[in-house]
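Engineer: This is what each chain is made of:
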Amino acid sequence: MKFSLEWLTYFLETEASVAEIAAKLNAIGIEVEDIEDPAEKLEGFRVAEVLTARPHPDADKLQVLTVSTGEGDPLTVVCGAPNARAGMKGVLGVAGAVVPANGMKLRKSEIRGVESNGMMCSVRELELGDAHEGIIELPEDAPVGEDFATYHGASPVFDVAITPNRPDCMGVYGIARDLAAAGMGTLKPLREHDIAATFPCPVEIRTEDPEGCPAFYGRVIKGVTNGESPEWMQKRLMAAGQRPISALVDITNYMMLSFGRPAHVYDLAKLSGPVVARRARDGEQVLALNEKTYTLDSSMTVIADDNGVHDIAGVMGGEHSSVQPETTDVLLEIAYFDPEAIGVTGRKLGIATDARTRFERGVDPAWLDEGLESLTSLIKRFCGGDASEIVRAGTPPTEPKVIAFDPGLTARLGGVEVPESEQKRILEALDFAVGPDWQVTFPPRRHDIEGAADLVEEVVRIHGLDKVASVALPRVEGVARPTATPMQALERRLRRSAAARGLNEAVTWSFLPTRQAQHFADGDALWVLDNPISEDMKAMRPSLIPGLLSAAKRNADRGAAGVRLFEVGRRYLRGQDGSSDEHPTLCVLLAGEKTPRGWATGKAAKFDAFDGKAEAEALLAEAGAPVDKLMVMGEAGGQFHPGQSATLRLGPKNVLARFGALHPVTLDAFDIDGPVVAVEIYLDAIPARKGKAGFEKPDFAPPALQSVERDFAFFVPQDLAAADLLRAVRGADKANIVDARVFDVFEGQGVPEGKKSIAIEVTLQPGEKSFKDEELKAISDKVVAAAARQGAELRG
Amino acid sequence: MSEHEQMAHEASARIAGAADLNALEAMRVEYLGKQGSISGLLKTLGKMSPDERQEKAPAIQSLRQTVADALTARKDELEAAELEARLATETLDLTLPAPAAPKGSVHPVSQVMDELAEIFADLGFAVATGPEIEDDWYNFTALNMPESHPARAMHDTFYFPDTAPKGGKMLLRTHTSPVQVRTMMAEGAPLRIIAPGRVYRSDSDATHTPMFHQIEGLVIDKGIHLGHLKWTLETFLKAFFETEDIVLRLRPSYFPFTEPSVEVDVGFAIENGKRILGGSGDEPGHGWMELLGSGMVNRRVIEFAGLDPDEWQGFAFGVGVDRLAMLKYGMDDLRAFFDGDTRWLSHYGFSPFDQPTLSAGVGAKA
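If you're matching them up, the sequences are chains A and B in order. For reference, each letter of the first sequence is one residue, going 1 to 796 in the numbering used here. For reference, each letter of the second sequence is one residue, going 1 to 366 in the numbering used here.
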């Protein structure tokens, strides 16, 4: 909200400077977002007198003026305004001044061969209004040479943010009241009104919707002239960013901005029959002041007459009965609308107006009569006319509310000792009534006050938050205890492990284009936003792969040959009961070149599925998962290459990770060239470490004797998984075989059709004594027999 | 010079001049082989009388020794020269690049969250989490924002069409504050937690993204007041920025879930177009920047969480993690945080070994 210093000091007697006022506003909770000093904008613009005016020798529409600025020789100025003439006074921008409307810096120039030393300005050029037909004409008594800013009474403008709990400060008077309470001056008494009501109100007013419109007061004024509003009012409105329209409209806007009190003025000639606050009928329509037609429903309160709706109550007026320059008789409306209902209506219709903002937060329910008197007074002063008696329908909710307050709470909650007398003074300055027993009655306009804590806030903010001293939180004795949960500790460990493995951590959006999310949903229902910011951010990710894949694509488009990314974040699935089921996940994505072409290695090497397996196993090992017990199984998902992907499972059901090369269809869908390898590790599927969470490691017991290696080469069926053969070999003699490792896989010459050759190095560990030849032979036989059960035959 | 000495002299000279190992071997055979000349002389000793042998043997033995030594010496020389010559052919151009290992990085948001967790661990705050897809009861109602509350509209909330299990709408949490309620309900009081995580608002420009990161702080205890809040914020910010020169300005504000509510600004100066924290915002060349929102937890929130507000009170605050990262480490475009540009990640990201610790300082020096 914007207001000028001049406006504020109309209500507040103060000697304080702009900076002091701004600091105090911030201190009491009215945040100053900006201070604009129009005098700065108007620097270099002076009151000037046109001494002579003659036609430009070379241009029909231009005149050459001599202009006096009160000092030195008169200046020659070329001017195109038709109203420029000798003897008039206006505003001259001298060389160096910057025209506020367009930022143009004025300088000495030559216009069609005639020197020009400045510019006579229009209202629009100085951003003082819309008029641009001709230059400003100042009254004859305007002092030549004076800074125009001074002459014009340009006043600094505060732009403040009012928090939604303080609708009472959505008017300059309310801000003045807060400032006065905080010692920034004295609140001036408001003008007394003594309106002579000369006839009974000819219009019947009713409220048929006491919930939505508990109170509706009105009166008629006949014989008004709806010309321009007074200049001082226009200046204040313009300072607030409002365009002056007509006296009647300006006066209602002025009421709203001065007192936070929206009101409405109807052209009486356009009304017929009783004027009633009622619920709209479903489907009823109204053409509003913004020239849009709205379709209403029965949850919305409207003001209507026999012919239909004239006002979406508290939100926006109707076009049909709006006041016009020729309007002579008017009906004034001051009502109290239910804040919640206004909010619902405003949201449903998507209308945001100053009136809605105030009604929605709650106007002063006790200020209907006075408000109507103020409004009448302003209209009579500036538009003339005779006022009728006031008619009142319904009653506003003004019953006083009382809180039992313990002034000791200010120290206990607010952390600052404020003498009781000062607490009382502050509350009373804010119009709270403090009883002798600290029963505090608060003004009905303070909808934000609910309990004692609110009173502490009032006292502390006016007393000054800067007076609250810092007090150390009590510390637990000794060194701080660890605080991370096991999952947090795991995530931190894996994040740094992944980075240490050469991967760059990315953070990508939690939402995806629906098509991408669908591709990774595996048929599960997605979480899809109702109101996404764009179609690209619509569905919550069921996998981290698509986000990283898009990032890899962007990197590739920027020319990156190889991309190694990872992310630690959540996948969003659905719980059985409709709640959110979020799974902490680590995703690795490897795209393009693993190593670039090099002098030593030759061609660039691309990532393949085994790079994915390496990351999966290394990170799972770091996570404490029993990697040697994991089974490599299928079903990584349709997004992966069916023959180059796998899952890592602990038992047949518990999938700890999936990895592999992505399916060409997936790559096509993301418009990225392969190969791309992805790994997804399901952090919440990793079993917690077993046993006590102690620090002691098991005893170190290296074997006494050296181990023995024996090599075996088998022909096996082509589709036999190497892991199956290894498991069989390892299990052949668990007492002696400690490891078995594939060191060669071969198909082709010398290997029978439908077979492949797998060579395995078996490590045997003797216990107390070295193996004898016959023992080694017996172990070998067991290995061969176990392998045979997998369809393997020893190569001759 | 005797005949033998003459012979030793000549042989030594020939051996020293042997061109290669083959020539040397030929000489060994010539002198010391089975049919060699010196071997022949040695054989004559057997046929001599003891006296004659006594007289002649030393000279012949000496001759044999001299020649044998000369052969060994020359052999060592020739072998050393040969090795030298072979090594000369094995020279590598060590200006060629060594195999490169990829260098990974930790995202600034993660780094800053770890830093904050470290600082707050020292102050006794545990880390709590909650779901990001919330229902409107936790996100709004329990935080004293009933359905019609104007503040709800100010949150630019993303909604789902789905109904929550216990009624109400499902939405993306607009702040980390629902974790306050969840943790109070689950753990009761007293309580000190921080809750970091992703939050969502329907807003997008250079300083706002529809997803960003917040960290929530909550203390519920007996006798906690605004002074404790002020100390906690000052203490954490000084620790985070590792400077004593942090000036805070507390402004009364409004959040439905705190009463009183306090907005916190921090003083900064503009240097080379960047905001540098420090000093009072009222000093010349300085300004104030909104940093976080906070306040004393509203009684109603404590009640909603099932605790007795006459027994327990406390404070809460919420601060943007991305923003803290930008202020500390100098990024100026929030959108880049979520792009995954590996150049940006390498530039602004952190080494995995920049693990924040209190003893080494929580921040990672540039």
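Careful: at least some of the hints might be erroneous.
What the hints assert, rightly or not - Some chain B residues near chain A, calculated using beta-carbon distances under 10 Å: (1) 90; (2) 94; (3) 101; (4) 250; (5) 261.
Worth flagging that the hints you see were computed from the coordinates, not collected in a lab. C-beta atoms are modelled at their ideal positions from N, C-alpha and C, and glycine is treated no differently.
Engineer: With reference to the structure, classify each hint as holding or not holding.
Structural biologist: Verification of the supplied hints:
no., hint, result
1, 90, "16 Å, violated"
2, 94, "12 Å, violated"
3, 101, "6 Å, holds"
4, 250, "4 Å, holds"
5, 261, "7 Å, holds"
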